[in-house]
Each structure stands twice: as structure tokens, then as C-alpha cells.
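K.L.:
So the protein sequences, as listed, match chains A and B.
Numbered according to numbering that gives the first Met the number 0, the first sequence spans residues 0 to 280.
Numbered according to numbering that gives the first Met the number 0, the second sequence spans residues 0 to 408.
Just so you know, these hints were derived from the structure itself, not from any lab.
Quantities reported herein were computed from a predicted structural model and do not represent experimental measurements.
Note that beta-carbon positions come from the ideal geometry of N, C-alpha and C, so glycine has one too.
Check each hint, because a few of them may be wrong.
Here chain B is said to cover these stretches of chain A; the calculated rule only asks that three of the stretch's residues, wherever they fall, bring their Cβ under 8 Å from a Cβ of chain B [unchecked claim]:
{"hint": "1", "region": "98-106"}
{"hint": "2", "region": "126-140"}
Where chain B lies over chain A, by a calculated footprint (3+ residues, C-beta under 8 Å) [stated by the list, open to error]:
{"hint": "3", "region": "110-121"}
{"hint": "4", "region": "246-256"}
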Amino acid sequence: MSSHVETDPHPPLRGDLSQEEKQERDRVIRLERIHKIYHMGDIEVHALRGVSLEISRGEFVAIMGPSGSGKSTMMNIIGCLDHPTRGQYFLEGADVSKVNKAGLADIRNKSIGFVFQSFNLVPRTSAVENVELPLIYAGVPAAERTRRARAALAEVGLAERERSMPNQLSGGQQQRVALARSLVNNPALILADEPTGALDTRTSIEVMEIFQRLNRERNLTVILVTHEPDIAQYANRIIQFRDGRIRRDFAVENRKHAGEVLTQLPPETDDDDEDEFVSHS
Amino acid sequence: MKMNLLAILKVAVRALNRNKLRTALTMLGIIIGVGAVIALVSIGQGAQAMIQDQINGMGTNMMFIMPGNVFFGGASLGAGAASTLTEEDVEAMVKEIPTIAAASPIVRASGQLVFGNQNWFVQIQGANANFPLIRNWKVDQGDFFTDVDVRSADRVIVLGKTVADKLFPGIDPIGQMIRVRNLPFRVIAVLAAKGQSMVGQDQDDTAVVPYTTVQKKLLGQQIPSINQAMISSISQQASAVTEKQVSELLRQRHKIQPGQTDDFMVRNMTDVAQTSAQITTLMTVLLGSIAAISLIVGGIGIMNIMLVSVTERTREIGIRMAVGARPNYIRLQFLTESLVLSLVGGFVGVLIGGTLASLVSRVLGWPTLVSALSVLISFAFATAIGIFFGYYPAHKAAALDPIEALRYE
Chain A
0 MSSHVETDPH
10 PPLRGDLSQE
20 EKQERDRVIR
30 LERIHKIYHM
40 GDIEVHALRG
50 VSLEISRGEF
60 VAIMGPSGSG
70 KSTMMNIIGC
80 LDHPTRGQYF
90 LEGADVSKVN
100 KAGLADIRNK
110 SIGFVFQSFN
120 LVPRTSAVEN
130 VELPLIYAGV
140 PAAERTRRAR
150 AALAEVGLAE
160 RERSMPNQLS
170 GGQQQRVALA
180 RSLVNNPALI
190 LADEPTGALD
200 TRTSIEVMEI
210 FQRLNRERNL
220 TVILVTHEPD
230 IAQYANRIIQ
240 FRDGRIRRDF
250 AVENRKHAGE
260 VLTQLPPETD
270 DDDEDEFVSH
280 S
Chain B
0 MKMNLLAILK
10 VAVRALNRNK
20 LRTALTMLGI
30 IIGVGAVIAL
40 VSIGQGAQAM
50 IQDQINGMGT
60 NMMFIMPGNV
70 FFGGASLGAG
80 AASTLTEEDV
90 EAMVKEIPTI
100 AAASPIVRAS
110 GQLVFGNQNW
120 FVQIQGANAN
130 FPLIRNWKVD
140 QGDFFTDVDV
150 RSADRVIVLG
160 KTVADKLFPG
170 IDPIGQMIRV
180 RNLPFRVIAV
190 LAAKGQSMVG
200 QDQDDTAVVP
210 YTTVQKKLLG
220 QQIPSINQAM
230 ISSISQQASA
240 VTEKQVSELL
250 RQRHKIQPGQ
260 TDDFMVRNMT
270 DVAQTSAQIT
280 TLMTVLLGSI
290 AAISLIVGGI
300 GIMNIMLVSV
310 TERTREIGIR
320 MAVGARPNYI
330 RLQFLTESLV
340 LSLVGGFVGV
350 LIGGTLASLV
360 SRVLGWPTLV
370 SALSVLISFA
380 FATAIGIFFG
390 YYPAHKAAAL
400 DPIEALRYE
């Protein structure tokens, strides 16, 4: 892993890279006929039936579909949490379909940031330490860890809450800590699984605002799994799954901008700090 | 992968801190185990050290050679057997057996010792000038008698500490004349105090004179005879060889045919001492093993709690894996936790065990010895237990599937 640490995941494209290499690196995700078959006793469950897909750097993709459509399986494979049964997965040009467990851990650490529906912060561990977590496994020295974690917290607007424990934070704040954690190691993509599923409307939009800003300002690739059509409208591309296959893949026409939506919402007296102790699940 | 050991340790300590009571109870198993090992082994080693002291005090590698076959003899050996050992036998042994460091004939007599209006009945030992060397017995005051005194059968006497105290309360005994069986003897030395023998006899209640003096002056023997011989071999390792050579030499000198029983008996004091040393060693090992069992029980406690901890923190493990913790890292994390448990428990156990041992020696008066070795062994044992019983839970944690772990409620 140490060799990866110093590597900037987005080195400026230099002139000596061939056109092909440039294209390959900018194609963050390339899936080739991915199959995933689960064995449950004697029954075979064909969760993915030959999915091919490309996602380029800077895209904001929403993956939609009913439960059982294969979108969670897709998410686990893209997130390097699971191996495909058949097919190939290229992440930033490198084939990761056959990498072992330890190797997948390194890839997740370096290239992928996760945001979950239930926030998944380590309990009884302060916000800043939660954000530091990926850096610990990347072997970053303590002082630099803290510096980078603070910077990431500032980026999601939580600089002043770095000492707070997860149970002292509202749902929206917890999700923002999770967001800071997902981007602290400069990943190639952020994978968000129903990130607004446990949040109220206003907080959901606030979180989407951060996603959109990161996507715009840092050219960060975002993949969002959601079943809320409203939320999917913040993406610039929607991929719909059904029965283990991609049913539709289209660009969003009237893309919503969270910043604008927020200004149109009726002013709220409640602020984040008052709905503390929101339960995790 | 770069392992951030400090970060791992921090997480482990924090996790243990979170459940203080549970951590304390789990550690208690190790504390009791290590404490028991230290305390019991210390008591055992103390007993061993005491016996070793007595062995050394008895005389270095000493052997007695007694005439007659007291224990195994049949009727045919009966009466004449008692005088089969002679001064010449002793001289021959010294001359021909190189592993003998020193030898002395022993002639016994008893008598009333009188000084002024004090008197004391005592067993008198007749020996030669080698007596202090063979018995490893220092002279406290004055000088022991010499070969010259032995050759001329001088009436000189060396007193044991008890006898000196009884006859000369508050008086310097050296140079005083006392009467033994109505003969005047000059006190030339007092032996250093030796205390009780292993059977509880006061070894200082004795007096030593040249054996020739006992033969000629006290017993008035026409034909001088000796009761037994006392020899010391050059080392403990050599004592078996010495014993064998003494037997061979005496059989040859006494013209005993092969198949015939010895007309003498060699009593190797080192053997006796070694037997009791072996018994205490066995006792120490036994006590230590029983204590070690409680240490293993403590280890099972660690395993139990670590399994609970892994289950409780399944989701946390999932999160750590998702953000890039390799399985090895997770394994190390939980191993560190069980190691911290067992090492801290081991440390406290050593302190408690040492305190217990010193308490035992103070209250019960038993000798105890907390050796660096027993501390080291207990620590090694505690570490091994931490790793052994921590491995399975740690492995279980490392083998978790991140997807399942993240979904765990």
C-alpha cells in the first residue's frame, strides 16, 4: 500500500501520456458483461445478467431500480466489496475483477469513498477521528491525518464540530461527516448508497448540494444509488436497473440544482443542531 | 501495508476502556492465574532453596561408610561385622581414589563435660583435622586441631555452639580447661552455629576431639577401632563414581568374593538430599501446573469476551473494511486487544503474586523466592495465552464479509 500513498489519484494529464491512456484513465469505470450469481442452497440467483457500462470522470450518475433489480449487487461490485462471477471490471483502466481481498481493501482505501444510508460512523469516536479512518489504513502519519481530516470537515461545513461524537450530531451532520470521510483520501469516485434515505427533505437537499458542489468543483465522479426519483434529478445521468439488466440509461434533461432549490424552500426555524440524537437506523 | 501500530493500540485501549467492568473481570482471570503461578512457584522455589542450603550445610558431597550390613545383613554377618572397617581402609581410600577430596575416621564416645560448676552431657565425635572441610563447617573462634594433635592424641577439644554456650555463659571458652570423663581437656576452638538438621536435631550440641584421643584416652581401646568413615568427594557429579570406587576398593581389601554381600555400607548424603530436593521440585512443578490451569481458564475468558466483542462490533469492522482496512489489519487490531488484556493482567498478576508470596513468608514463616525466571515465564505464558485465545476471535473478525458486516444490526 505504501507505494500508493504518495500517488496522486488524479495526476495532471501530461503530454507523454498517449491519447489512448488519457481516455482510459478518464473512463473511471468500465464494466464488461458482468454477471453475478448467488447460490442459496440449491437455488441459483442471477442478480446481474451481463451488465456493460462506462462512467467517465466528472459524471454524476444515479442508479435506480426496484429492490431485487440488481442495483445493490451492482453497487457492491463497483465498490470493490464483491467479485463478479463473470465479466471484467476496469477501475481507472486497471482490471480489478480478480484482485484478492487485501488488494480490494487497498483499492477501496485509495480510489473509492463510501456514503451509506445509515451513515455508518464508528460509534463513540469523534467526527475528526471518523474522517481520519481511511488515512490510518493508508499509512498517513498522525499529524497529516488530522490536518487533512480537518480540511475535509471544513469542506462539508462541519469544522466546528470535529470533537463531537456521532450520537451528538444530527442525521444531516452525521451524513456530512460520512461525506468528509469519503473524500478525505482523494478517491476517484464516491459511491453513495441511498444517502438521503434517512434524512428529511431539507437535509436531503443540503446533502445533495454538497454532492453537486464536489462534483462540480473537484470534478469528482459520483455514483448515487437511490429509489427516489426526486433525488435522482440532481444527477446528470440516470441508469435504471430491472431484473439484473440495465433497462434505461439516459441523460437528465432538467437537472435540479440543490443550491437553487434550497433558496426556494420556505425558511425553516429549525436548524440542524436541534434535531440531535437522531437514531441510526 | 504500513501498519500504524500506535493507532491500533489506541483503538484497542479505547475499546477496552469502553467496557471497564467487563475488561476488569476478563483481566481478573489472567491476574488470578499469573498471581497463583508466581505465588505457588515462589513458595516451591523457596522450599527448594532451603533444602539446598541444608545440603550444602551438611557437608559438601559427603558420604558415610559404615561397617557391617545393618539393613541387608543375614545372620551370618551378625556379630563380627561391626569392626570390619579400619583406619587402614580409610588411608587406602584416600591414597587410591582420586575423586576423594578428604576423609576422616569417626570414633564416637559420649560423656559429661564439666567446667567449674557447669556440666553438660554430649555426644563426642572423634575425627581427624579434615572434619571442618568434610562437614563444610566453619570454626567460629580459635583454631581446629591439627594432624600433629591427632598423631600425638592430644587432649584438645572443639565445642559446638550449644555446648560452648552452656558451659561458658559469658566467658571466653578458648584456652579454658574442662573435664571430660574426669580427664582434663583444653578448649581450642568453637564451631560456628549450624542450627537444626533436616530431622530437627540440634547439630551444635556436639564436641569434636582427635579420633586417636577418643580411642586411647576416652575409650582406652587396646586394639584401636573406628565406628565409621566420613569422606567427601571432589564434586557432586563425582560422588556416584566415588561411591562405586569405595565399594570396589573395600570389597577387594576385605576379600569379599563376587556374589557375597558387602560387609560395609556406603551412605551417600547427597543422594538423600537430592531425593528431598527432587520431591520439592516435583511439588513446585505440581503447584505451578495447577496454577497454570487457572491461567488457561483465564485465557478461555479472554476468548469468550473477544468473541462477544467481535460480534458487537461487526458493523464497525464492516465500516473499517469498507474504508480500506485489510483483513490482516483487522486481525491485528483484535489480537492487540487480547494481548493488552493478557499483558496488563499478567503485570498486575505478577505484582499480586509477589505480594502474596512475601505475605506467606512473613505470616507463615515459609521461605519464598520470587525469581526473575518465574516472572518471565508467567509473562511469556500470559502473552502466549493472549495470542492463542485471541487468535480465533481475531481471525473470525478478519474473515467477515464487509457487505454482511455493514448490514449487521
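K.L.:
Which hints, by number, does the structure contradict?
P.N.:
Those not satisfied come down to hint 4.
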